[in-house]
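**Q** Okay, here's what each chain looks like letter by letter:
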Amino acid sequence: MTVKSVFAGFGGQGVLLMGYILAFTGMRIGKHVTYLPSYGAEVRGGTANCTVVVSDQEIASPVASSPDFAVVMNNPSLIRFATVVRSGGGLLLNDDLVHSPVKRDDLTVLRIPVSTIAHQLGEDRSANVVMVGAFAEMSQVAPLEAFKEALADTGLGKKAKVLEINRKALDAGAEAVRQAMKKEKSA
Amino acid sequence: MTKQLMRGSHVLGEAAVRAGCRYYFGYPITPQNEVPEYLSGRLLEVGGTFVQAESELSSINMVIGAAMAGGRVMTSSSSPGISLKQEGISYLAGQEMPAVIANMIRGGPGLGNIAPAQSDYFQATRGGGHGDYRCLVLAPASCQELCDLTFSAFDLADKYRNPVMILGDGLMGQMMEPVEFPEPVDPAALPKKDWILDGAKGRPSRIILSMLLDPKRLEAHNYKLTRKYDAMTAAEQRWEEYQCDDALLVVVAYGTAARIVKGAIKRVREMGLKVGLFRPISLYPFPKEPLSRLTQRVRQVLVFEMSSGQMVEDVQIAVKSQAEVHFYGRPGGVIPTPEEVAHQISHYYHNAHLAQGEAADGRRAGGAA
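Sequence lines, in order, name chains V and Z.
Taking our numbering, the leading residue of the first sequence gets 7, the next gets one more, and so forth.
Taking our numbering, the leading residue of the second sequence gets 34, the next gets one more, and so forth.
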């Protein structure tokens, strides 16, 4: 199985860290991974995105023409990436900031209020990790437990308290996706 | 040794330290600033020397000094910075000094932009500076290969007493992939060099010069260099053949472009097109013989570069009239997608009637039976 995903938002939302956590987790469970951040003469608040490929086989290209998933944290990213996701793929939207309609009917679109969830957990800054939990559940690229374990060896693992709250954030994100999918099915 | 997830620029720095490099002199330029960033801390841990010089010119001359003193030494830069270093690189070649120079290419010419490109192929493989010389040029296509080739670069530089260039691009420097590093080399355990300038205590003094005013002496020196380049050409050609066994068309690409081509080949193979990749790993010496052998069988060649066409000339020299050579390039720092390259492959494949040709052969074989 090969899962190609794009994470996109503005600088400061932890977009690159989301991709890094995914790539790092993939490597930890023995998958082939590539992580390709976009870079440029960027400014704070400018656009940020990265492409992560996780695969059982050697990865041909770190550049994805049509990713399986796009994780979109703000409106400008939706405009840019909603069109490139492959037909039948998934779109994961930050419901607290992204309100534009998605003009495609061949995608699974889930809207998760990650900032609200993070606020409820008592740590606004963990919104991106809530989104990683949501992504893990939606993509099934690796078990949630693997993400939780890997988190300890990223920058988020330096303080026990920070690690704990981010592991909760992963759970909360995954749970939100399960609820959203249930709603989707019953609708 | 477990795998580490590291960006290319940091891989280059760590591999250099493990290969015994203890001296780095550089001047910042995007997109390779993470190389000096990493080494500024890492070299201190191993008792090495890191200097951010006041300019590219200054840093390359510091490289010459460290090489003369016998150290394993490296510098890195990106296109405009590498242009500035060319005078020093020519001196390194003339003086036969080993050094490793990494170029994370950005879009050019001039100041260009900071996006990944392959537009410095000519500069790297044709010498780059003035005079009759060549650098050994290695082009990695993954973080692991970047690590392995960095080790090779230091060994080859010492073996041939010649500057070695590692040719990457901004994408190669920023991309993260898992890497398994080899065990570190102890610089003290490396073979002793009998030509270094380390003070002439207890021995006759030595001199290292690139100035030979007598044309006959310089001619002899140039021929000596030429013999060295011939020896490199005979021994150091490196390449990868990917899905070439049944290929009717091969794409020739190196570095980042080759990775994009692999993605494209995956796509066209799903459509039943028999396409392979020939990936030069050493750009100088260019793997002429293996490409020539391959094109005795495969008659359609598509060269793909992130430039407006440079390596394509080496391909034409290697292939001669054995096969038809086509070219597709995206200059200026644009990162092409596998889908886009697959479209080009498909275009040339069908234009050459390879899909139909195969069917016709099948019918002929059937008729004869």
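Hints are not guaranteed to be accurate.
Listed below are several chain Z residues computed to face chain V (Cβ distance under 7 Å; list not exhaustive) [as the list claims (entries may be wrong)]:
1) 144
2) 292
3) 372
These are computed hints drawn from the structure, not numbers from a lab.
Ideal placement from N, C-alpha and C gives every residue a C-beta, glycine not left out.
**Q** Run every hint past the structure and note whether it holds.
**A** The hints, checked one at a time:
no.	hint	verdict
1	144	violated (12 Å)
2	292	holds (5 Å)
3	372	holds (3 Å)
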